[in-house]
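S.K.: Sequence:
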Amino acid sequence: MKFPWKVFKTTLLLLLLSHSLASVPSEDQPGDSYSHGQSCLGCVVLVSVIEQLAEVHNSSVQVAMERLCSYLPEKLFLKTACYFLVQTFGSDIIKLFDEAMKADVVCYALEFCKRGAVQPQCHLYPLPQEAWESALEKARQVLRRSSTMKYPRSGRNICSLPFLTKICQKIELSIKKAVPFKDIDSDKHSVFPTLRGYHWRGRDCNDSDKTVYPGRRPDNWDIHQDSNCNGIWGIDPKDGIPYEKKFCEGSQPRGIILLGDSAGAHFHIPPEWLTASQMSVNSFLNLPSALTDELNWPQLSGVTGFLDSTSGIEEKSIYRRLRKRNHCNHRDYQSISKNGASSRNLKNFIESLSRNQASDHPAIVLYAMIGNDVCNSKADTVPEMTTPEQMYANVMQTLTHLNSHLPNGSHVILYGLPDGTFLWDSLHNRYHPLGQLNKDVTYAQFFSFLRCLQLNPCNGWMSSNKTLRTLTSERAEQLSNTLKKIATTETFANFDLFYVDFAFHEIIEDWQKRGGQPWQLIEPVDGFHPNEVASLLQANRVWEKIQLQWPHVLGKENPFNSQIEEVFGDQGGH
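Take the sequence shown: its position 385, counted from the start at 1, is 385 in UniProt numbering, and no numbers get skipped.
It should be emphasised that the hints constitute simulated quantities derived from the structure, not laboratory data.
Check each hint, because a few of them may be wrong.
Listed below are the simulated PhoX-like cross-link pairs for lysine-lysine, each with C-alpha atoms no more than 25 Å apart in a straight line [to be verified]:
(1) K170 to K316
(2) K79 to K95
(3) K324 to K378
(4) K347 to K484
(5) K177 to K347
(6) K170 to K210
(7) K95 to K114
(8) K347 to K485
(9) K347 to K324
(10) K210 to K238
(11) K170 to K347
(12) K545 to K556
(13) K556 to K324
(14) K210 to K177
(15) K114 to K138
(16) K513 to K545
(17) K324 to K545
(18) K378 to K466
(19) K246 to K324
(20) K182 to K210
(21) K75 to K182
(22) K170 to K182
(23) K324 to K245
(24) K182 to K347
(25) K176 to K210
(26) K545 to K485
(27) K484 to K439
(28) K316 to K545
(29) K484 to K245
(30) K246 to K556
(31) K170 to K75
(32) K347 to K176
(33) K378 to K176
(34) K79 to K316
(35) K114 to K378
Please construct the entire structure, taking both the sequences and the accompanying hints into account.
M.R.: Structure representation (structure tokens):
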């Protein structure tokens, strides 16, 4: 069977997006070992799911592989790619499972996992150390007898194919620069949801006119067209007054902009993707969208989310509260966030922020680099952390940039860093989704496996070393104090500056009062990110603090909101 070019294209997309899936900055990724680590992790997860599907449904491994492929959507040719992989690797996987090999041994035998010169062999599942080499040698002997075709493993460069070079470059640039992949008029807003489209920033209402986009001041009160995409335009036939002038003039419209990392973008891998007992066709309906959003769900995040929460809690995002306060703020949101973002590398994509001092409304900017200045995947993690001096310089550079781009009357709020010791404390002795069926993989084992692969997003906090966890929290506190000092001592012409703690212990206390447990606030698959509930509870805390201490930041409540709804309904939606 030939590998269809459309499958190559799908593989390309997944390959490119994989560079953004880890929560460590790109400059911290250790080259080939990082790439090999990703290949190994992906293989172990996939082979584990196949094995567990066979166990749950009491089926053969062949049937389990076909079952998994049947669950995947046709979109992005995911189903086709899956069947191709089954045809390519399936017979060898079956032979290895027949010899009772665990997933990590299988992946070493298939060479998706590789041992470096100084790197130990990494295993997720319990295995006596003395049995490891013999098990691996036995697996290799099984494959030597295999008549299966020789297949490419990790390291194939899809982008080297001539017919994919241009699309490769464009997708890579879109991810690197954090700008929409589809943006005809180049105004940094799109009519397409994913690939940095309107899941990330307000939807464009005219992608052929770069002067039309969310957040701008209305052009001639939007008599003839909706120039700021808030859904309010035209003239009231009763009195001849433009609706934008009648409903929005003097209401102090403003947008919300997040400068964030993967936590702010709401990085999320649904646990049902890995849990064989819960897996079905419905489990993967959102897979294409998630992949093309780099496994982030900004449309559900605590800052810029515009959709109803999937968790059922009543709290809303800051954007939705701002819109409810003043319907003239409709669609004025931007999530300038990236997996692995920190104070060090924000300069690489801050230019994707869309704000014009002369023609746009003021904005509330939340600076929320809450983890990656202390979190990294290096074995010797402490020297790689940002120092207070570096933090000061990096943040001042960002604020200087904002001062030259934000309209006068804007506001900037600096988030402190949390104390991440709750990650280990809450999870280490619980079972990871991959270990729940057979009670064989705890989070402590999972964190150790990631560390061995050099993929652990936070070796400081996701570690059994209590001293290291304490040192990481101490550095986080030092960086938070640096942010607090900046907020109290520095002034800028076009915005005022504030600081708020990221007090995760208060979020935990709030959740416990509702009958919840701390571990329920952490993403179950990666064991690192705050989940949707935690994100919304934090948004609620920030909103209440602003209302109490700095109410002018939020602008006025618009007395015409009900009339806007009467005339314009949902204002074109999101």
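S.K.: Mind checking the alpha carbons of K75 and K182 for me, to see if they're no more than 25 Å apart?
M.R.: Satisfied, since the Cα-Cα distance of roughly 18 Å is no more than 25 Å.
S.K.: Is K347 close enough to K176, meaning Cα to Cα at most 25 Å?
M.R.: holds, 12 Å
S.K.: So if I understand the rule, the pair passes when the alpha-carbon distance is 25 Å or less; does K513 with K545 pass?
M.R.: Measuring from Cα to Cα gives roughly 20 Å; hence the hint holds.
S.K.: With the threshold set at 25 Å, check whether the alpha-carbon distance from K95 to K114 stays at or below it.
M.R.: holds, 20 Å
S.K.: Could you grab the alpha-carbon distance between K170 and K316 and see if it respects the 25 Å cut-off?
M.R.: With Cα atoms ~34 Å apart, K170 and K316 exceed 25 Å; violated.
S.K.: Mind checking the alpha carbons of K170 and K75 for me, to see if they're no more than 25 Å apart?
M.R.: holds, 20 Å
S.K.: Are the Cα positions of K114 and K378 separated by 25 Å at most?
M.R.: Distance of about 18 Å is within 25 Å: holds.
S.K.: Take the C-alpha atoms of K176 and K210, compute the straight-line distance between them, and say whether it is at most 25 Å.
M.R.: Holds: K176 and K210 sit about 22 Å apart, inside 25 Å.
S.K.: Can the restraint linking K347 and K485 be considered satisfied, given a maximum Cα separation of 25 Å?
M.R.: holds, 21 Å
S.K.: Given the hinted pair K316 and K545, is their alpha-carbon gap at most 25 Å?
M.R.: holds, 15 Å
S.K.: Quick one, are K545 and K556 close enough, alpha carbons at most 25 Å?
M.R.: holds, 16 Å
S.K.: Run the distance test for K79 versus K316: straight-line Cα separation, threshold 25 Å.
M.R.: With Cα atoms ~36 Å apart, K79 and K316 exceed 25 Å; violated.
The structure fails to meet hints 1, 3, 9, 10, 27, 29 and 34 from the earlier list, while all remaining hints are met.
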